[in-house]
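Chains A and B supply the protein sequences, listed in that same order.
So the first sequence is numbered by the numbering used here: it starts at 1 and just counts up by one.
So the second sequence is numbered by the numbering used here: it starts at 1 and just counts up by one.
Don't read these hints as lab results, they were simulated from the structure.
It cannot be assumed that every hint is accurate.
Within a straight-line C-alpha distance of at most 25 Å, the following computed BS3-like cross-link-like pairs (lysine-lysine) qualify [unchecked claim]: (1) B:K86 / A:K68; (2) A:K186 / A:K29; (3) B:K117 / B:K86; (4) B:K117 / A:K68.
Reference excerpt, derived from the structure (chain B facing chain A, CB under 8 Å, subset only) [said to hold, decoys possible]: (5) V17; (6) A21; (7) A22; (8) A25; (9) M29; (10) V32; (11) V36; (12) I39; (13) P41; (14) A43; (15) V45; (16) G63.
Stretches of chain A that chain B covers, calculated by requiring three or more beta carbons in the stretch to come under 8 Å of a beta carbon on chain B [what the hints assert, rightly or not]: (17) 47-59; (18) 62-70; (19) 80-91; (20) 107-116.
Owing to the predicted nature of the structure, the values given are computational and were not obtained by experimental measurement.
For glycine and all other residues, C-beta sits at the position ideal for the given N, C-alpha and C.
Given next are the chains, with one letter for each unit.
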Amino acid sequence: MNTDFLSEPIFLVLLAGLLSSSFLSINAKNQTGSERTNTLVTSALAFSLTGILTSAVTYAIYNSMIAKGHSSLCSSDGFISCAEILSNPSFNTMLSLPWGLIGISGFGLLLYLVLSIRMDPHARWVSNHLDYSWYASIVGMVIVGFLIIVELFFVNGAPHICAYCTIAHLSMIGFLVSAHNLREHKANGDW
Amino acid sequence: MARRRVTTIQKGKDEDVRMMAALAAVGVMSIVLFSVFIISPPATVGPNEGELAPDFVASAYNGGEWDEFRLTDQFDRDWTAGEDGKFILIQFMDSDCPYCWRDGETMSELHSQWGGKVTFISIAVELGIQGHGSDRDEIEAFRDKTNYGTDSNDGNGCNSGGSNCVERPGSAHAWNYVDDYNLNILRDYGVSGTPFMVLLQPDGYVAWNQGQSGGLMNIEQALQTYVEGN
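Could you put the whole structure together from the sequences, leaning on the hints where they help?
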């Protein structure tokens, strides 16, 4: 198994972002009231920022694979291989848009929703933004499911797993959990 | 005397922060995108001259069997103008198209003259025209010049179903025929009819596109200009 990505500083930074977002999300379990609100919103913010940065890295790898046929961040063989996934002409885009670019936009939308809540947690539209976050993350999970199926069954020499894509997928799952906990917290009247 | 208890209810801020949040989110995305464009700028992919040819993965018949074929596997990414390298000629064809039938001989001649310096690829499509029903057996017969169909114009065979494929002009073709019956490659290259040709540099950039030449340069002239002149 190719584990070169574990020594890539960019991968380690993204992994650190994912782990700290998860730590915040778990830590919020022991809190109550506005403290819990703040921690949950901060974890959702951290997940969306990690998602944006990871999507940007996959977009940069995609550009490099298309223009040069290789990327220094990406191995081209083995089970963990983003080259096969991010350069596959049948699956690396949706409506001619690279998945990295779609990821930046999608996580950007989530960032806006939770950032507005963070800036004014008691505004009258907060419930709506919590609902939008929840619905958007469900759509995100459907896309994540599709991309994992593509990685495991459809790309050249499947199965392959793209380490950077996996960080983005886990960020999406983390955001979904945070959005769910926030809605529940709001419904309990302990906001 | 009972004292009234004042309860404080937290209210939202007076100003609406949504606009500020939107600006901040757009700002973050812009910085990230700008960084990507600086570090790894996107290539312009398309069928026009000067653009990087769209990649494809499809089944191709090489004279023996059908194998997976990927266009970018043919590219020499390190090639620069003036160096040795194999150009790539992509021909879109339909085994039932009468012009492609006649071009069978032209393609044989071009290959015998340029085969050492140019990789030939034929993309077999099925145009939505009556009498253009095809299958992989017909692609194989068209390429190999083997017995398939009849001459009795019964829709069975090549050339709008009016000819046995063994009678195709020219010799058997010794290059890959790619199955594009789902027309994905045709769409990516913006091709509206057959035959249609595109000449790629060894690094995959489009050197000549038949649709852009405006009749000023045919394929023989394009090969002379770009391959011989290189």
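Hints, verified against the model:
As the CA atoms of K86 (chain B) and K68 (chain A) are separated by approximately 17 Å, the hinted pair is consistent with the 25 Å bound. This hinted pair checks out: K186 (chain A) and K29 (chain A) have alpha carbons roughly 14 Å apart, not beyond 25 Å. For the hint pairing K117 (chain B) with K86 (chain B), the CA-to-CA distance comes to about 5 Å; that is within 25 Å, so the pair holds. Taken as a hint, the K117 (chain B) and K68 (chain A) pair is honoured in the structure, with Cα atoms around 22 Å apart against an allowance of 25 Å.
The beta carbon of V17 (chain B) comes within 4 Å of a beta carbon in chain A, closer than 8 Å, and the hint placing it at the interface holds. The beta carbon of A21 (chain B) is positioned within 8 Å of a beta carbon in chain A (closest approach about 4 Å), and the interface hint is therefore held. Interface restraint check: A22 (chain B) against chain A, minimum CB-CB distance 5 Å, threshold 8 Å, status holds. This hint holds: A25 (chain B) has a C-beta 4 Å from the nearest C-beta of chain A, less than the 8 Å allowed.
Taking 8 Å as the C-beta cut-off, the interface hint given for M29 (chain B) holds, the closest approach to chain A being about 4 Å. Taking 8 Å as the C-beta contact cut-off toward chain A, the hint placing V32 (chain B) at the interface holds, the least distance being around 5 Å. Because the closest C-beta pair between V36 (chain B) and chain A is about 5 Å apart, less than 8 Å, the hint holds. The beta carbon of I39 (chain B) comes within 6 Å of a beta carbon in chain A, closer than 8 Å, and the hint placing it at the interface holds.
A hinted interface residue such as P41 (chain B) counts as satisfied when its beta carbon comes closer than 8 Å to some beta carbon of chain A; here the least separation is about 6 Å, so the hint holds. For the restraint placing A43 (chain B) at the interface with chain A, the shortest Cβ-Cβ distance is roughly 4 Å, inside the 8 Å limit, so the hint holds. A least Cβ separation of about 6 Å between V45 (chain B) and chain A falls short of the 8 Å threshold, and the interface hint therefore holds. Checking G63 (chain B) against chain A: minimum C-beta separation of about 23 Å lies over 8 Å; hint violated.
With 5 residues bearing a CB less than 8 Å from a CB of chain B, the region 47-59 of chain A meets the requirement of three and the coverage assertion stands. Check on the region 62-70 of chain A: 7 of its residues sit with their Cβ under 8 Å from a Cβ of chain B, so the three-residue criterion for coverage holds. Only residues whose beta carbon comes within less than 8 Å of a beta carbon in chain B count, and the region 80-91 of chain A has 4; three or more means the coverage holds. For the region 107-116 of chain A, the proposed coverage by chain B is satisfied: 6 residues have a C-beta within less than 8 Å of a C-beta in that chain, meeting the threshold of three.
The earlier numbered hint that this structure contradicts is number 16, and it is the only one.
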